[in-house]
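For the protein sequence lines, the chains are A and B, in the order given.
For the first sequence, my numbering assigns the number 1 to the initial residue and increments by one for each residue that follows.
For the second sequence, my numbering assigns the number 1 to the initial residue and increments by one for each residue that follows.
Please keep in mind that the hints were generated in silico from the structure rather than gathered at the bench.
No copy labels: a pair is met if it fits in one copy or bridges any two.
Okay, derived cross-link-like pairs now, PhoX-like style, lysine-lysine, Cα gap no bigger than 25 Å in a straight line:
{"no.": "1", "residue 1": "K231", "residue 2": "K99"}
{"no.": "2", "residue 1": "K231", "residue 2": "K194"}
{"no.": "3", "residue 1": "K194", "residue 2": "K82"}
{"no.": "4", "residue 1": "K89", "residue 2": "K10"}
{"no.": "5", "residue 1": "K46", "residue 2": "K19"}
{"no.": "6", "residue 1": "K61", "residue 2": "K194"}
{"no.": "7", "residue 1": "K19", "residue 2": "K194"}
Number of protein chains: 2
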Amino acid sequence: GSYSTSSSSKLLFRQLFDKESSTYTYLLADSSHPDKPALLIDPVDKTLDRDLTIIQELGLKLVYAMNTHVHADHVTGTGLIKSEVPDVKSVISKASGAKADIYVEQGHKVWFGDLFLEVRATPGHTLGCITYVTGDASDQPQPRMAFTGDAVLIRGCGRTDFQGGSSEQLYKSVHSQIFTLPDDTLIYPAHDYKGFTVSTVGEERRYNPRLTKDEETFKSIMANLNLPYPKMIDIAVPANLVCGIQSKAT
Amino acid sequence: GSYSTSSSSKLLFRQLFDKESSTYTYLLADSSHPDKPALLIDPVDKTLDRDLTIIQELGLKLVYAMNTHVHADHVTGTGLIKSEVPDVKSVISKASGAKADIYVEQGHKVWFGDLFLEVRATPGHTLGCITYVTGDASDQPQPRMAFTGDAVLIRGCGRTDFQGGSSEQLYKSVHSQIFTLPDDTLIYPAHDYKGFTVSTVGEERRYNPRLTKDEETFKSIMANLNLPYPKMIDIAVPANLVCGIQSKAT
Ligand SMILES: [Fe+2]
Ligand SMILES: [Fe+2]
Numbered sequence: 001g002s003y004s005t006s007s008s009s010k011l012l013f014r015q016l017f018d019k020e021s022s023t024y025t026y027l028l029a030d031s032s033h034p035d036k037p038a039l040l041i042d043p044v045d046k047t048l049d050r051d052l053t054i055i056q057e058l059g060l061k062l063v064y065a066m067n068t069h070v071h072a073d074h075v076t077g078t079g080l081i082k083s084e085v086p087d088v089k090s091v092i093s094k095a096s097g098a099k100a101d102i103y104v105e106q107g108h109k110v111w112f113g114d115l116f117l118e119v120r121a122t123p124g125h126t127l128g129c130i131t132y133v134t135g136d137a138s139d140q141p142q143p144r145m146a147f148t149g150d151a152v153l154i155r156g157c158g159r160t161d162f163q164g165g166s167s168e169q170l171y172k173s174v175h176s177q178i179f180t181l182p183d184d185t186l187i188y189p190a191h192d193y194k195g196f197t198v199s200t201v202g203e204e205r206r207y208n209p210r211l212t213k214d215e216e217t218f219k220s221i222m223a224n225l226n227l228p229y230p231k232m233i234d235i236a237v238p239a240n241l242v243c244g245i246q247s248k249a250t
Numbered sequence: 001g002s003y004s005t006s007s008s009s010k011l012l013f014r015q016l017f018d019k020e021s022s023t024y025t026y027l028l029a030d031s032s033h034p035d036k037p038a039l040l041i042d043p044v045d046k047t048l049d050r051d052l053t054i055i056q057e058l059g060l061k062l063v064y065a066m067n068t069h070v071h072a073d074h075v076t077g078t079g080l081i082k083s084e085v086p087d088v089k090s091v092i093s094k095a096s097g098a099k100a101d102i103y104v105e106q107g108h109k110v111w112f113g114d115l116f117l118e119v120r121a122t123p124g125h126t127l128g129c130i131t132y133v134t135g136d137a138s139d140q141p142q143p144r145m146a147f148t149g150d151a152v153l154i155r156g157c158g159r160t161d162f163q164g165g166s167s168e169q170l171y172k173s174v175h176s177q178i179f180t181l182p183d184d185t186l187i188y189p190a191h192d193y194k195g196f197t198v199s200t201v202g203e204e205r206r207y208n209p210r211l212t213k214d215e216e217t218f219k220s221i222m223a224n225l226n227l228p229y230p231k232m233i234d235i236a237v238p239a240n241l242v243c244g245i246q247s248k249a250t
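Turn these sequences into a full structure, and let the hints guide you.
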């Protein structure tokens, strides 16, 4: 989707999909700022040409390549972006253990033009998962938008059985950091497997089949998913820990 | 994507994707109206349960199941919708030759609550293709949104070699009916194969690799695509001509 906000700053927003890994990459820019500064959340290496082309066509200046966490299912585009667009800074949480130019933590703000994203620590899927939320101010996009990574998926959530995952921690993260946002906050996850593009906090608080349960039930659901070992994990995680440069990972 | 407009009427908007046929289905509703009347554009039979579930969860009342044209790559969900939700009316163009409850033509308006879609005839991919555009009025969504079917795809367009297609007609349709809309009009196509979710009239006017060409070049591009015969066409077209009821098509 894409929209303009009613505030003086104008958010340019694009949701981009990688069919192979069912990953959503998000492009945000302040299109009312003379530099049109832009950022990508969760870029994928294989779709990078598409993403850099649209950034160029829209006349944007990419400043940040950000990840919500160290992904296990695809190689981040961050490393390639940095080699192709040298001024771009990579951003990830300190707790992720990954290499990046900028480490962010709970409460940090990432500014692009007159717009900003607020960082919320939402560990549980991995130890270093964060959620980026648009600012809580009258000149920031309304309704707010939360880029939840794999913490909250639409009617689901990320698995918690590797990479320092913990179902107990995920439950606490979502209930304290995401479900406390206003009901109309838009939820933009890192993945969707059913063709949904967006949800809201109100919807997930009411209809998420896992996270609406009490904590004990949630933990039991997560302990009994019996998911296969992720195909890409042994390639993706080492690469993503060094910012997506696969050659450095070997 | 999803957003609320700044007008008094509040558009609830959802873009939904069918991975198999790379089809986008669009859900629109007037969420500020007491009945929350809703419509679906280009529903797919296989994703109908998903679509009806979200409509129910959001508390919407589905009133119209609309098609931009008789699709050749998937069976419309219209027929199934009508059997599961009896009050829903199907909508398609008169020129499509398909069966429906309501036939629309150039200039017709389709109201849902206090919001409406305007019908524009955009033949060329098929003889009966139409584009639905949100209203041009201060109480309608800003920027406007154009649901272009296969007339304009993001950086592409639908093929013109069957179903009464004509590259000459498609070129004229797009340039007279779509590219004349304001540059910030959002383009929501019936398909995308590269993971794009939205474009704008301004972007396609500048960067569409086919439609930016002069008419003769466009016709020559379209005459030389050498596309395979569509796998689903012999099932989908007969079914879609009778509103998506496959059994009636045999
Ligand atoms: Fe993940
Ligand atoms: Fe089509």
